[in-house]
Amino acid sequence: MRYASLFLEYIKNYAKTRLTYRADFWIEVLSDLLFQGMNLIFILIVFQHTPSLGGWSEAEVVFVYGFFMIPYGVFSTFFSIWNFSERYIVKGEMDRVLTRPAHSLYQVLLENVDPPSLIGSFVGAIIMVLCWTQLGLPFEILDLFVLMLLILGAVLIYAGLYTALSAISFYSDAPTGIVPLMYNIQNYGRYPVNIYNKMIRFVLTWLLPFAFVGVIPASYFLEKKADDLSQLALLTPVMGIIVFSLGLLLWNHGVKRYRGAGS
Amino acid sequence: MMSAYIDFIRIRFIMMLAYRVNYYSGIIIYAINIGAYYFLWQAIYGDKETLAGFTVTQMTTYVAVSWMARAFYFNNLDREIANEIRDGSVAVQLIRPYSYLVVKMMQGFGEGLFRMLLFMVPGMIIVCFLFPVKLPTDPMTWLIYLVMLFFSFLINSQINILTGLFAFFVENNEGMMRMKRVMVDLFSGVVVPIAFFPGWLSAIMQWLPFQAITYLPSSVFTGRTPSDQILQVFGIQVLWFVGLLVPIWLTWRAARKRLFVQGG
Chain L
0 MRYASLFLEY IKNYAKTRLT YRADFWIEVL SDLLFQGMNL IFILIVFQHT PSLGGWSEAE
60 VVFVYGFFMI PYGVFSTFFS IWNFSERYIV KGEMDRVLTR PAHSLYQVLL ENVDPPSLIG
120 SFVGAIIMVL CWTQLGLPFE ILDLFVLMLL ILGAVLIYAG LYTALSAISF YSDAPTGIVP
180 LMYNIQNYGR YPVNIYNKMI RFVLTWLLPF AFVGVIPASY FLEKKADDLS QLALLTPVMG
240 IIVFSLGLLL WNHGVKRYRG AGS
Chain Y
0 MMSAYIDFIR IRFIMMLAYR VNYYSGIIIY AINIGAYYFL WQAIYGDKET LAGFTVTQMT
60 TYVAVSWMAR AFYFNNLDRE IANEIRDGSV AVQLIRPYSY LVVKMMQGFG EGLFRMLLFM
120 VPGMIIVCFL FPVKLPTDPM TWLIYLVMLF FSFLINSQIN ILTGLFAFFV ENNEGMMRMK
180 RVMVDLFSGV VVPIAFFPGW LSAIMQWLPF QAITYLPSSV FTGRTPSDQI LQVFGIQVLW
240 FVGLLVPIWL TWRAARKRLF VQGG
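Just so you know, the sequences run in chain order L and Y.
Taking numbering that gives the first Met the number 0, the leading residue of the first sequence gets 0, the next gets one more, and so forth.
Taking numbering that gives the first Met the number 0, the leading residue of the second sequence gets 0, the next gets one more, and so forth.
To be clear, the hints were calculated from the coordinates, so they are not data collected in a lab.
The model shown is predicted, which means the values in this text are computed figures rather than measured ones.
Ideal Cβ positions, reconstructed from N, Cα and C, are used throughout, including at glycine.
Treat the hints loosely; a few may be bogus.
Said to hold, decoys possible - Computed cross-link-like contacts, DSSO-like style, restricted to lysine-lysine with a CA-CA straight-line distance of at most 27 Å: (1) LYS47/Y with LYS197/L; (2) LYS133/Y with LYS223/L; (3) LYS224/L with LYS133/Y; (4) LYS90/L with LYS11/L; (5) LYS256/Y with LYS197/L.
Stated by the list, open to error - Short, incomplete list of chain L residues facing chain Y, as computed with Cβ under 10 Å: (6) ALA3; (7) GLU27; (8) VAL28; (9) SER30; (10) LEU43; (11) TYR182; (12) ASN193.
Modelling step: build the complete structure from the supplied sequences, incorporating the hints.
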């Protein structure tokens, strides 16, 4: 209950700060959509030159992208902590967070909520619906529940991975270049993973399970392929719980080790 | 005066050297990017020999060279300028006896040199071992490419400076900087060569400065551009460099009149 009211207070606060920079809000929404658009343009351009990508048609790859946008939008709204190391560790804001009773990760996340990112989720949903009808896929009410479950799992995977990444700043003194690294890798989980070599596929599936936020769960709704990724689809929520628990463990352990930057 | 400017290059180079550990992870990032796009393109080609005039080998080389070139010309001048405008330190810079924008350019170049020596060169060597990249043998091509690469840096930095200066007008230009980064990556041809774009889009691209950043130099380097057109292609870069000076000068003139410092 206390956590819920905290959430409300932070959102109110967010609205106030954002209304100061009104024009910027819309530019951010626009740039978000443009960023998603860029990836979509890439897919569209690619399919002008080939009918299929590792056995996947254009509509299917776009469908996967549409699915991916939904958990990604939710994740970006609540986990926009790209500059955690710089702001909280280097500048020492973590000290302030730790003097308060609420869980430190919860506070850090709420201080950085970014609701405009949610618009990406809506666009993703629209793309998915369009592809759904274009591909002539059957639709049952049960699918909606499975979809919710898969989205939740995907968000948890993202959340766990980025919590773990941010927690690394507790252990290493120098701000590391790992976040941009992940930022790139996450993109590759959206394409049919069978086009990569074995090692990359293994990494994307089991070590940094970005395939579980895109191509694997989305394949649940699509026609079966030779490599049958859809068998793994229902594992998404399980992976989500595992990855998020690991991330949280690493964070909690990191907070205990944290000594403050001084100055 | 000139020697003072050169000192800015030197100082930035040394500053970057202090944080060089970050750059080893940077090389891995770029190698992974090149690897992923290599497999992606491999799948796109399937068993076709050429697409949009690129052979598979040319494409692999194009991907490797374009990403490594990005390592050289990429900088955060837009963010630096925006931050200095926001925290007010730009006011101090303005009363100093040098041109603020030239100093920024020099700092960017110091960073670029650092990235070239400690990032692009070792990165390229690693990538050549991992993927079937075929580098040109003609020393003239290398020479032309290096000059064009320098202009890539100039044009990209000019676009960055322009984006950064917008902080004078919109107070918080975070969204705009992100938008610029996305546009530069897509429209410069790092992700997809412009020749692959559908006709109408590539027609628009020919009238925008982005292709001069990656597509034109990389096409020359991979041998996609016929040798009699090289001079013309280089001319496009020079034109954009000169052309972009105009909006920068205009924005800068308008910006100095508008400066107000938020807090501090």
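Structure-inconsistent hints, enumerated in ascending order: 2, 3, 5, 6
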